[in-house]
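S.K.: Its first residue numbered 1, the sequence shown is counted upward by one per residue in our numbering.
All the pointers check out, no bait thrown in.
Derived Cβ-Cβ restraints for the label pairs, each shown as a range:
id : residue 1 : residue 2 : range
1  : 246       : 80        : 30 to 38 Å
2  : 59        : 159       : 38 to 46 Å
3  : 105       : 206       : 39 to 47 Å
4  : 37        : 95        : 14 to 22 Å
5  : 222       : 98        : 49 to 57 Å
6  : 283       : 39        : 30 to 38 Å
7  : 180       : 22        : 43 to 51 Å
8  : 95        : 244       : 31 to 39 Å
9  : 31        : 159       : 24 to 32 Å
10 : 180       : 28        : 35 to 43 Å
Just so you know, these hints were derived from the structure itself, not from any lab.
Note that the Cβ used here is the ideal one computed from N, Cα and C, for glycine as well.
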Amino acid sequence: MRHVIALDVGGTGMKAALAGREGELLYQARRPTGREQGPDAVVAGILDFAAELRAYGTEHFGTPASAAGVAVPGIVDEARGLAAYAANLGWRDVPLRDLLAERLGVPVALGHDVRTGGLAEGRVGAGRGADRFLFVALGTGIAGAIGVDGLVEAGAHGFAGEIGHIVVRPGGSECPCGQRGCLERFASAAAVSEAWATASGDPGADAADCAKAVDSGDPKAQAVWQEAVDALADGLVTALTLLDPRVLIIGGGLAEAGETLFTPLREAIRRRITFQKQPSIVPAALGDTAGCLGAGLLAWDLLDQTDRSEVTT
1 MRHVIALDVG GTGMKAALAG REGELLYQAR RPTGREQGPD AVVAGILDFA
51 AELRAYGTEH FGTPASAAGV AVPGIVDEAR GLAAYAANLG WRDVPLRDLL
101 AERLGVPVAL GHDVRTGGLA EGRVGAGRGA DRFLFVALGT GIAGAIGVDG
151 LVEAGAHGFA GEIGHIVVRP GGSECPCGQR GCLERFASAA AVSEAWATAS
201 GDPGADAADC AKAVDSGDPK AQAVWQEAVD ALADGLVTAL TLLDPRVLII
251 GGGLAEAGET LFTPLREAIR RRITFQKQPS IVPAALGDTA GCLGAGLLAW
301 DLLDQTDRSE VTT
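Given the sequences, and given the hints that come with them, work out the whole structure.
M.R.: Structure representation (structure tokens):
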């Protein structure tokens, strides 16, 4: 059975799969990233994990994987196959694509984790069938993926989709990126957790607790939540004005609040738009399998490109 290796590398754990041609996950596995052992150990762990997946495919499906796709966090130079920088993993300029290709003996595609997850959501998830989509992940930070005709735009330097660093509150809270007032300082899951911990007086409270308090009618929680929704709407309307997507897909931890988030967000965006067309605003559909599915799609796309080039030559 022809298949590819799909790897989704996170700050604390790795999710992996052997993926079929239609995106089906034929085998899944997980293991810790091992970042506490240092960046070299993380890279070695990725290579070993990929080799184990190759061996599993050979044993159970009668043939080794035809290609591999890997999604990693941080700054990614997809054209050169470099994992350029990831604060959580401590690496810089790791030639991960070439290291994996040498270890596996097959072509390898390297992608940014959010863009890769967005690719899966746009092609086989909540945005299936849409020619233009914007995927936004509301997690510890906020990042996005710009989808056009089934592909995700990386940008000239690999930074396309960094919607979390749109300034929505000029002169506001300082962001680690060096700016002040960035969207993710007000509307990420981490920002809502911080604001609600302060407002509630409970240092252990998080965004999920805030959402529950909103549902129960707590006015302090409603104020914190509405501030985040307003900031998010401001940032998203800027993105909608620039990109004009047909579907806006919202994922990440904050989206788990469901209609507690989506109902006021749709209304806030509706109030802000003038000439723009409001897209369908929908929750992400694939959960934590999005990264693996997207990595698999990257691998199949790479094989398709290779097949086409062989035909033309």
